[in-house]
Amino acid sequence: MPNINERPVCHRAEDLVTYLYGEASEVEARDFTEHLQQCDACRSEFGVYQQVHDSILLWRNEALGTAFSPAAVSIESTIDSTQFVQHERKLTALAALREFFSVSPLWLRAATGFAALLLCVLGALALSRSWNKPVQLANKATEPKYSQQDFDQALQKRLDEMARLNTEPTPPKANEASTKSKPTDNGNRTQLAVNRVQPKTPRPRGLNRQEREQLASDLRLVPRDDEELPLGLSDEPNQ
Amino acid sequence: METATNDEQMVERALSGDPEAFGEIVRRWERRIFALAFGMLGREEDARDATQETFLAAFRNLRGFRGEAKVSSWLHRIAVNQCITRQRRAKVRGETSLEDEAEKNAAVFALPLDVSPARTAEKLERSVAVRRAVGSLPPDLRQVVVMKEFEELTFQQISEALELPLSTVKSRLYTALRQLQMRLQKFGK
Chain A
211 MPNINERPVC HRAEDLVTYL YGEASEVEAR DFTEHLQQCD ACRSEFGVYQ
261 QVHDSILLWR NEALGTAFSP AAVSIESTID STQFVQHERK LTALAALREF
311 FSVSPLWLRA ATGFAALLLC VLGALALSRS WNKPVQLANK ATEPKYSQQD
361 FDQALQKRLD EMARLNTEPT PPKANEASTK SKPTDNGNRT QLAVNRVQPK
411 TPRPRGLNRQ EREQLASDLR LVPRDDEELP LGLSDEPNQ
Chain B
42 METATNDEQM VERALSGDPE AFGEIVRRWE RRIFALAFGM LGREEDARDA
92 TQETFLAAFR NLRGFRGEAK VSSWLHRIAV NQCITRQRRA KVRGETSLED
142 EAEKNAAVFA LPLDVSPART AEKLERSVAV RRAVGSLPPD LRQVVVMKEF
192 EELTFQQISE ALELPLSTVK SRLYTALRQL QMRLQKFGK
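Protein sequence lines, in the order shown, are assigned to chains A and B.
For the first sequence, this note's numbering assigns the number 211 to the initial residue and increments by one for each residue that follows.
For the second sequence, this note's numbering assigns the number 42 to the initial residue and increments by one for each residue that follows.
Some clues are possibly wrong.
Unchecked claim - To give a feel for the contact side, a few chain B residues facing chain A, derived at Cβ under 8 Å:
1) 76
2) 175
3) 196
These are calculated hints, taken from the structure and not from any lab test.
Ideal Cβ placement from N, Cα and C applies to all residues, glycine included.
Looking at chain B on its own, in the form it has when it is part of the complex (with noise of 0.2 Å):
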């Protein structure tokens, strides 16, 4: 792929010294990985976080990338741990019932003026519902849901992303899907 050559070219003229390399690939990335990042987190100010702590780190270990791996499996794989590790930290510290809040806050000033408030309160609740339907999900399948729903990548890019077999991914977004059903109906879908 164009992209992918052109991404490995840019990492190899970053660390050449090049300074503006490494921004050309954040511009590319940057909404696909913050589209991970919100899938899993959840949260916009945890996926903007989130996202800047992926490029950071990729920019600080730049020159550990061998080109063994696409640059945007690498980019999803930093990407997915530094979730991961958001996601444990904020279970530790217990943050968990206000992010309905304020993202209930902070969506009803999104929506369009010209939406009814019941309607706005049942796509609230919607919302919430699914998010965190997606959240509860162990960590291995939400990575999948996410890549598949938020960044609309193949099950073969899914797959070359988390260095797993084709068949895995699928049976995984099964899975997926089966639990996020279970769940949903809980809360009255």
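In isolation and in its complexed conformation, chain A is listed as follows (with noise of 0.2 Å):
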């Protein structure tokens, strides 16, 4: 279709929309038949705004030849009463959907997807921490809990009980681990209460496995069935 944007150098504009339209006189449509043989212009105009009739034509026939019946225009019981041609319009969700996002202004539909996609962001988040919580557990399992003060000190209070155990049938030394013990500090008794205890029984430097649990025990560093893990851990794999 030729496009037609600038002006017609034909300045009978006004007689081609009567002779498109059915309006020319005899004589009018004769002379612009002829017109249209010599003018290029108004011959290409004339077929495309033919075109353009003819489209709108159609639309008029489909639209109005199902839009149009007189007994839902009831323009007389409008006047009588205030009823008006009722008619439903059921949008399904997705339709509904579609609708609040083409009245909506461009502000509200970012923020709506920004929205979206933080709360997709937050429930993946949710989701990788949940799974990964077990495995973290059971690391955390075996790792120390307590700080290195604190491990002293509970070794520390360990070792003095079993101390005070083994002293007894050998006071003289235990009074000279005592005495020599007492102005010293932690590290100091925490080696002689070692040393206290090695001539009793041949054993190597620090606790053997059996102590070692039952030390860990003690701290609470393996848990109780009726008993929380301390520090740091709120939930055990058994609950």
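Can you join these two chains into the complex? Each is in its own frame, and there are hints to help.
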């Protein structure tokens, strides 16, 4: 279709329209027909506008053929009463969503999209945390829970108890150790307690496995049935 | 014209208290007014509402009709104003994008069943394109197109209805056709 954007060269625009809609008289129609044979601009325009006219007619016939029914346009009853033709328009959820987004301004659409994205991200984070927790718990169970200072203090306490138990049959040694240990700090006391223990039974330096396990249970490093893990663990694998 | 004279007589009878006189005017003109409203608004529901509002307004302002113009012209003017007002309201509310959807949904059930789906789709697309193109025209051009294409009024009748010179009506229609051609080109007509 030729693109008619420029102003027509021919000045017979009104005659073209009159001829197009069949309102030209016989003389006018004959005259314009001859003009069309000579004028390229008018001939081109006439063809294009004829197509536009046909398209509008087609739309009109389709639309008015289905749309208008005198019974539906009940004007008299409207004058007598306030009743109007009622029509229902049921929207599906998707159509309702489309309607919402079509009438809402741009900023609202952007905000809704951002909120949806944020929810997805938060949901994904929450899911990943819940999956990772048991593995972390398993790792933490074997790791020390206390700081070094806490551990030393707990160890010292336990060693003191053991030392007390062991020193009863051999008091002098214990006395010597106790006198020596009093003025010293925790580290020396720990060492002395260890020395005290050593002569009794031949053992390697430090605690054996049994003692370690007992110490750990005393320090509550391993959960008992009725107890929770201290310091930092809110959930147990069993719960 | 006989019809015109009868219309004026009907108005006089309605003013004198005859309840059926105005109903006769409605029966004579409702189809034309509906066609005008449909052409202006593009939607059946809106056209019905606008048609009803037109006749309601005419009934309320019957005493203001002085007989200087024809009844048809008077009704046309009321109808055009109603349509323009509705379009302004719809524009403010942003009621645009669903019109195509609703129109398509309604038209699908209106087409004969023996039409193939491809042809149906093509018809719908073309109807929507033409409706959009007409709807996008300025009001002064649109009303001329609608009155000429939908109501099939003569140039003289349009000139009387809109109280414009004949040459102005023709030049507006020419301009409207040119703009429609450019718009329809965009839609791939």
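Against the structure, the hints come out as follows:
1. The interface hint given for residue 76 (chain B) holds, since its Cβ lies 6 Å from the closest Cβ of chain A, which is under the 8 Å cut-off.
2. Interface hint at residue 175 (chain B): satisfied, since its Cβ lies 7 Å from the closest Cβ of chain A, which is below the 8 Å cut-off.
3. Checking residue 196 (chain B) against chain A by beta carbon gives a least distance of about 6 Å; that is within 8 Å, so the hint holds.
The structure shown violates none of the earlier numbered hints.
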